[in-house]
Amino acid sequence: MKKILTTPIQDADLESLNIGDIVYLSGYLITGRDDVHQRLIKQHRPLPVDLAGKAIFHAGPIMREIAAQPGRYEVISVGPTTSMRMEKYEREFIAATGLKVIVGKGGMGPNTVEGCKKYKAIHTVFPGGCAVLAAQCVEEVERVEWLDLGMPEAMWVMRVKEFGPLIVSIDTHGGNLFEQNKAIFNQKKGPIVDEICTHLDFLD
Amino acid sequence: MEHSEKYQDLVRLLASMTAYTSKHLPDDVLAKLKELRTQETTPLAKVVYDSMFTDLDMANKLDRPCCQDTGVIQYFVQMGSHFPYVDEMEDALRDAVKVATKMAPLRHNAVEIFDEKNTGNNVGTRIPWIDWEVVPQRDDVRVYTYLAGGGCSLPGTAKVLMPLEGYEGVVKFVFDQITSYGINACPPLLVGVGIAGSVEVAAKLSKKALLRPIGSRNSNPRGAMMEQRMEKGLNEIQIGPGGLTGANSVMGVHIEQAARHPATIAVGLSTGCWAHRRSLLHIFADLSYEVLSHKGAEL
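From first to last, the protein sequence lines are chains A and B.
Position 192 of the first sequence, counted from 1, bears residue number 192 in this note's numbering, the numbering being contiguous throughout.
Position 233 of the second sequence, counted from 1, bears residue number 437 in this note's numbering, the numbering being contiguous throughout.
Hints should not be assumed to be uniformly reliable.
Unchecked claim - 25 Å max Cα-Cα, derived SDA-like pairs, lysine to any residue:
#1 B:K321 x A:L149
#2 A:K182 x B:M262
#3 A:K189 x B:E320
#4 B:K408 x A:L200
#5 B:K302 x A:E153
#6 B:K321 x A:K182
#7 A:K189 x B:K306
#8 A:K189 x B:Q442
#9 A:K188 x B:E320
#10 A:K189 x B:R241
#11 B:K306 x A:K3
#12 B:K321 x A:E87
#13 A:K182 x B:Q243
#14 A:K182 x B:K265
#15 B:K265 x B:V303
#16 A:K3 x A:Q187
#17 B:K376 x A:R45
Stated by the list, open to error - Residues from chain B that face chain A, not an exhaustive set, calculated with beta carbons under 10 Å:
#18 D295
#19 H312
#20 A451
As the list claims (entries may be wrong) - Residues of chain A clear of chain B, computed beta-carbon distances all greater than 10 Å:
#21 R64
#22 T81
#23 E114
#24 V132
#25 E153
#26 K188
I should point out that these hints are in silico values taken from the structure, not numbers from a laboratory.
Just so it is clear, CB atoms sit at the ideal spot from N, CA and C, and this is done for glycine as well.
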């Protein structure tokens, strides 16, 4: 059965989740990337959207203004961006906003793990590049804030239904799927590289 | 510059190809992904491949860019020296980007350095990036369009090694980067490696390596052997789709080379994500054309 998280998300909804679990999201999903993080944490500007209990999406979408309704947008394509870019500010961002779910791509680091554990939040990944699939889970683009940052960096407030699959990559217990995988990859790497190198003695 | 009457036709053709590239993967990439998909057995790897193929189907049906990050647009042009529109080609490519940005639509991805403003039409200082090669005594032109997103551009790196680090040093350099940065760049990746004497030559060749069809091999037997061994080795690490572990890691490893200085071995690395959006368009002197990368494509 599909495990669906619905905003506003409570701490208790996240406690039973572990890295590698697959979940779906219904409710509010708001995009926020590098510039949104730095405006809040570094420039101390108040966010124009309340993220408490909601989900943030590391994503820079393609949106199209609806011709008959100026200021209203439809989503064309909206896949995840590389989450690691936000690692620098994510712990403080979780603390300042009270967000509960981060949706992105690839792993994040110890800063985010600490934030997720302390403030009860999770990081999940949506399959990278699958941007039309993601767009089909969006019911409505309610509004946009900070459009002065440009289309990819603005905060797009979307209402989504069963948005996923979302793979839990950081849980509330300190688990980090990508760090775990990276350790395995690095362990395998040494002997493989050594073996390849036995065939590459090309220097005269 | 005064443009010829046929100029708008050329712009339309290049814009259509650019928009098309954002929505459809080339035949070789699609075939490789299908092959890799069949080898997966774990639930996570399967769910990611299922998502990828559903996404490609939807992009096709809805006529939309399959990935939202349509990249900073790059063109690699093999220009016949007698192509009738040689003087107009650069303007045509810049205009084509503006047209394609609205037509597709593409994401706005050109941010001016220092001013830190998005130009809003994918055209900016030296962007689209255009790489020119002159082909003597020909009147046709081949245009590679490549839309590389930010995700698969992040692992890009280059370094000049001491010669005694040898080709072994090249392999270590590539493997270290793929197992760290590469896992976030939407694997299975196409790995492009440039080997040369200085850093900018190696870097440029690493990008050109990504233009080669998957399955093609380096022109030198040692180069071809090195490609195969690196490919097999990376696959044995089993990074899997999305870096979530699986049966494989890469779609391929391509190496391109230039003669080096005796005192240096430079290595460059570029990666292409699974949604490797590149196309090859062959334009004739009368502006008739054939799409070489996507069989049956209609522009």
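Evaluated hints:
1. In summary, the hint linking K321 of chain B to L149 of chain A is supported, as the alpha carbons are separated by about 8 Å, within the 25 Å threshold.
2. As the CA atoms of K182 of chain A and M262 of chain B are separated by approximately 32 Å, the hinted pair breaks the 25 Å bound.
3. Only pairs whose Cα atoms come within 25 Å are accepted, and K189 of chain A paired with E320 of chain B is rejected, the gap being roughly 39 Å.
4. For a cut-off of 25 Å, the pair hint linking K408 of chain B to L200 of chain A stands: about 23 Å separates their Cα positions.
5. Between the alpha carbons of K302 of chain B and E153 of chain A the distance comes to roughly 20 Å, so the proposed pair stays at or under 25 Å and holds.
6. Pair hint K321 of chain B plus K182 of chain A does not hold up; C-alpha atoms about 36 Å apart against a cutoff of 25 Å.
7. A threshold of 25 Å between alpha carbons decides the hint, and for K189 of chain A with K306 of chain B the separation of about 45 Å lies outside it, so the pair is violated.
8. For the proposed pair K189 of chain A and Q442 of chain B, the alpha carbon gap of about 10 Å is at most 25 Å, so the pair holds.
9. Between K188 of chain A and E320 of chain B the alpha-carbon distance is near 41 Å, which puts this suggested pair outside the 25 Å criterion.
10. Proposed proximity of K189 of chain A and R241 of chain B is supported: the alpha carbons are some 23 Å apart, at most 25 Å.
11. Distance check on the hinted pair: K306 of chain B and K3 of chain A sit about 38 Å apart at the alpha-carbon level, beyond 25 Å; violated.
12. As the CA atoms of K321 of chain B and E87 of chain A are separated by approximately 23 Å, the hinted pair is consistent with the 25 Å bound.
13. For the hint linking K182 of chain A to Q243 of chain B, the alpha-carbon distance of about 21 Å falls within 25 Å, and the restraint holds.
14. Taking the CA atoms of K182 of chain A and K265 of chain B, the gap is near 37 Å; set against the 25 Å cutoff, the hint is violated.
15. For the given pair, K265 of chain B sits about 22 Å from V303 of chain B by alpha-carbon distance, which is consistent with the 25 Å threshold.
16. Under the criterion of a C-alpha separation no larger than 25 Å, the hint pairing K3 of chain A with Q187 of chain A is inconsistent with the structure, at around 33 Å.
17. A hinted pair counts as satisfied when its Cα atoms are at most 25 Å apart, and K376 of chain B with R45 of chain A does not qualify at roughly 44 Å.
18. A distance limit of 10 Å between C-beta atoms decides the matter here; for D295 of chain B the minimum to chain A is near 25 Å, and the interface restraint is violated.
19. Given hint, H312 of chain B at the interface with chain A, holds; its Cβ is 5 Å from that chain's nearest Cβ, closer than 10 Å.
20. Annotation: A451 of chain B was flagged as interfacial toward chain A, and the flag is violated, the nearest CB pair being 14 Å apart, outside 10 Å.
21. Here R64 of chain A does not stay apart from chain B, with its beta-carbon only about 6 Å from theirs, under the 10 Å limit.
22. In this structure T81 of chain A is not separated from chain B by more than 10 Å, as the shortest Cβ-Cβ distance comes to only about 7 Å.
23. The beta carbon of E114 of chain A sits about 20 Å from the closest Cβ of chain B, which is more than 10 Å, so the claim that it is off the interface holds.
24. With a minimum CB-CB distance of about 4 Å to chain B, V132 of chain A fails to clear the 10 Å threshold, and the non-interface call is violated.
25. A beta-carbon of chain B is positioned within 10 Å of the beta-carbon of E153 of chain A; the least distance is around 8 Å.
26. Not every C-beta of chain B lies more than 10 Å from that of K188 of chain A, the closest at about 5 Å, which undercuts listing it as non-interface.
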